[in-house]
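**Q** Here is how the chains run, residue by residue.
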Amino acid sequence: MEKILIVDDDPNILLSLEFLLRKSGYQVFVAIDGEEAIALVETEKPNLVLLDIMMPKVNGYEVCEFIRSKTEWNFMKIIILSAKSKHTDMDLAYEKGADRYLVKPFSTKDLLENIKDLLGESKDAKNEKLED
Amino acid sequence: MNIFVITICAFIYLLLLFLIAQWAEKAKARKFLYGPYVYALSLAVYCSAWTFYGSIGRASIHGLDFLTTYIGPTLMAPISWLVLRKMIRISKAQRVTTVADFVSARYGKSTALGALVTVICIVGVTPYISLQIKAIGNSLGILMGQSSQANFPIGTDLGNLPLYITVLLAIFIIIYGNRHIDSAKRHTGMVAAVAFESFVKLFAFLAAGIVITFFIFNGFGDIFGQMANHVAPKNNFVLEGNQPYVSWFSFNFLSMFAVILLPRQFQLGVVENVNEDQLDKSVWLFPLYLLVINIFVLPVAMAGVLHFQGEVYDADFALLSIPLDTGRPLLALFVFIGGFSAATGMIIVETIALSVMLSNNLLMPIIVAIKPLKEKITKNANRSIFILRSIAILSILFGAFSYYKLIAQNFHLSTMGHISFAAIAQFGPALILGMYWKGATRTGALMGLCIGFAVWFYTLILPSLADIGWISQSVIDRGPWSIAWLRPDGLFGIDLPDSITHSLFWSLLANLSLFGLGSVYFSPSRQEEKQAELFVNIFKYSTAYESSVFWHGVALLKDIRQVLNDFLGTERTTVMLSRFAHKYGVELKENEMSDPKLVLYAENMLAGVIGSSSAKVMISSIVKEEDIQFDEVVGIIKESQKLISLNKKLQQKTVELKRATDALEKANQELIASEAMKDEFLYTVTHELRTPLTSIRTFAEIVHEHPDLSHEERQRFLSIMIEQIERLARLITQVLDLERFEGQGRKLDYQEISMQQLVKEAVRSLEHVASKEHVAISIAEKGEVAPLLLDKDLMMQVMVNVIGNAIKYCDEKNGQIEIEVQQQQNEVLVHISDNGKGIQVEDRIRVFERFYQIGQQKNKHGSGLGLAISKKIMDMHGGRIWCWQKDGFATTFSVSLPLHSANRLVYGEDFNSR
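Just so you know, the protein sequences line up as chains A and B, in that order.
To convert a position in the first sequence, counted from 1, into the numbering used here, add 203.
To convert a position in the second sequence, counted from 1, into the numbering used here, add 5.
What follows is a list of derived Cβ distance ranges for each label pair: (1) B:E685 x A:E268: 19 to 27 Å; (2) B:I730 x A:S288: 15 to 23 Å; (3) A:S288 x B:A705: 16 to 24 Å.
Result set (DSS-like, lysine-lysine): computed pairs, CA atoms no more than 27 Å apart in a straight line: (4) B:K97 x B:K535; (5) A:K260 x B:K842; (6) B:K797 x B:K787; (7) B:K683 x A:K289; (8) B:K797 x B:K813; (9) B:K813 x A:K260; (10) B:K752 x B:K877.
Keep in mind the hints are simulated off the structure, nothing from the lab.
For every residue, glycine included, the Cβ atom is placed at its ideal position computed from N, Cα and C.
So that you can see chain A by itself, here it is in the shape it has in the complex:
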């Protein structure tokens, strides 16, 4: 079962996404800020991280950078979920290593498709590796 880590400082968003993803059959972890997120990345090594940007202590960009700083975590996919809608914000996120960027409020359909998409890719990548 694929592991998904949800990171957001709004408890209601956490609650709703946790419920949604469990329902969709994923193993879900939640973090209320960047610090917790980093701890969980290290221990749980999730396949995918849903990441908010504006958070206290350690923000989303920093979490992104941290994940991309280790090559063995290359398989982790990152989807940014942010209320920030400027192009500059998006560009920065991609620069830091995000795979997708969804502007809040997003539709759950979109989110689930993106997740499926990304996890499929990573599966393909793993399979390719096995075939070699």
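Fit chain B to the given chain A structure using the hints.
**A** Chain B alone, transformed into the frame defined by chain A:
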């Protein structure tokens, strides 16, 4: 008293003067040193040893007429605000450095006049300097206990002490007075030392006066009472002589002249003046000084008469001998130091002024006129002038000392002072009338001065020469060749009350008559006319002076530079020339003919070093002058003035334009800044709106997509959605509130209400929240609180917001809130304190920013706008809101409202009219 002790004290005092001068030359306290107090104190150099000792002597013998010496200057003080100001303005413009130079410059930079005034000054003032040496010598003698009697023998036990002191003073003067070759430069160190001396002598005089009056005697009443019973009291209370009011008038008149014409007064009042503003205060400070130093003159004089009843004593030194005679040697020593400072102060300044005169107006013109000498001196001008000045200083002091040794013993202090004053008065007409009467000419001035000086010499000096036996007494008694109406003390047989009045009357009469006649009869040269125009109308020209051209002369810049180099030194020349270039925005080229402005500038620079007339000679040797007609000069002046006023207008316009541009620029920047702020605000608002929207949408879609949800789950999600929608609605209301307050605004709906009542209402409306969160609220009312004019709804919003915050952030288990309402002076204060976690110092201001949340922690409850809105509302009421920590609580929010509605109303109106 031991001579050794006295000498040490005197030397220590002189050393102190050195140190003060040294300090002032380098001190950073320019504002103080160049301020009116030091200036006024330095002017008090007027009070020499004559004042310090002589006044008492004069009061003992001649009664009240000692006062004339001080009443004259006091009368002059208000006028000096005009006269002295004019002299200062002229002197700065023409770089005049002495009285002699002033007179010379006025009459076309006449060498002869400068020399004549110099001679008068030296002849008239040298005795005055020797008077100071005499005062030092005599006071030393008395202090050493040789005698408290009259005419104690001089030169016996004193040895060469006066000589040594004179030599030491000469060294001081050469070091601090001859420091800058450019005598138009200020002697900051010397002025500071002199000001200090003025302070010391005043202090010493007052100290001795107080001790004598109140400790040796029993106050003023005691002295005056005893004196009234004394055998011959009348002298001290009346004006002496057969025609006392004539003397009174002439002495006053004399001192009026002296206070601005004496070389030392000119030096400190005019040359050392830093800016004309110094006059504003010194106009009353200086007369005040004169008043204070005279308070004890009469009591001490009488005390002398009473104390030494029957004995013979020198009344001049009563201030010194009374303390000595009553066993107060330390006080006597202090008095001696006071007298010593009065004497040295005078000697220092007078010698500097005289030496500059002697070198610039007498020796320099001679040197410049003799070609080999001129070439020799220009080769190493700086050093030569220094040596010349030093020689002048030494010879003046030597002259004064010789006079003291040979002649001075025969005179009372004050008599010699008056003789000096009468000599100085001779150039009063030429100098003072010259500033106001354009028609005064060089020839007239020369004639007047010559005859005045001659009459002065004849009537005052001749008799004193007879006194010491240099000429036959019969000349004085019966007149030369036994012609009675030529008697030096009774010219034309007219009876005048005293010799000074007699001399002053005849000398000034002759002086003025010839001055007037000569001026009317002989016409002035063109150079004179130019200078007359400049002197008389200085206030018109003082700004235009340099830019108006009096020479049509031109010269090679390298020649000008050469001459300046010789006298000012290369460094200073470079500085001055670049200053000129900068001032007029011209480029100076070595081999080109420079314009007349520069020629004039150079001449002025030079005048500060070698005097106006010599400077003129030096400059004209390198300049090809095309002399111009007077009409032309006036034309040029007028034109340049027109140019200046045009230029001023232009400048004004430029300034206005610049101001307008700046204002526009600023407004534009403010606009940009406020635009940026608005963008930022909008961006933050959308973010704040999107966050609750996200959870609402997700939950809504979950509920929509999953019909299989349990009832509990569905209910829970729906209630979260409702809560989030409420949050959204609240946020929108607050954003709109804030926008409304900032923009066109809402009118404040004032009504009278007491803050106590308002607080109670706010607490009542929050009661259910408080009880839910288990928070106890107590209201402490401290005394009466007056009702205020407030917008009730808005103020309610503030109170609910702040108290609501306090409830939210209170201690979770045992919440305590204390609200205090009190009235203080001009304000009503409300303090709301809670026992929650507290707010870090660095956050205490930022909490009032929009969307600022402490530690960036999202709070579940608020929008982050509540405090920003509260602050806005307080601003609108002219009140304040701030946050701090009160003892016993974690956080206190305080609100203050002004008691008087004035500023609030103004704010409100201003607000509404925007």
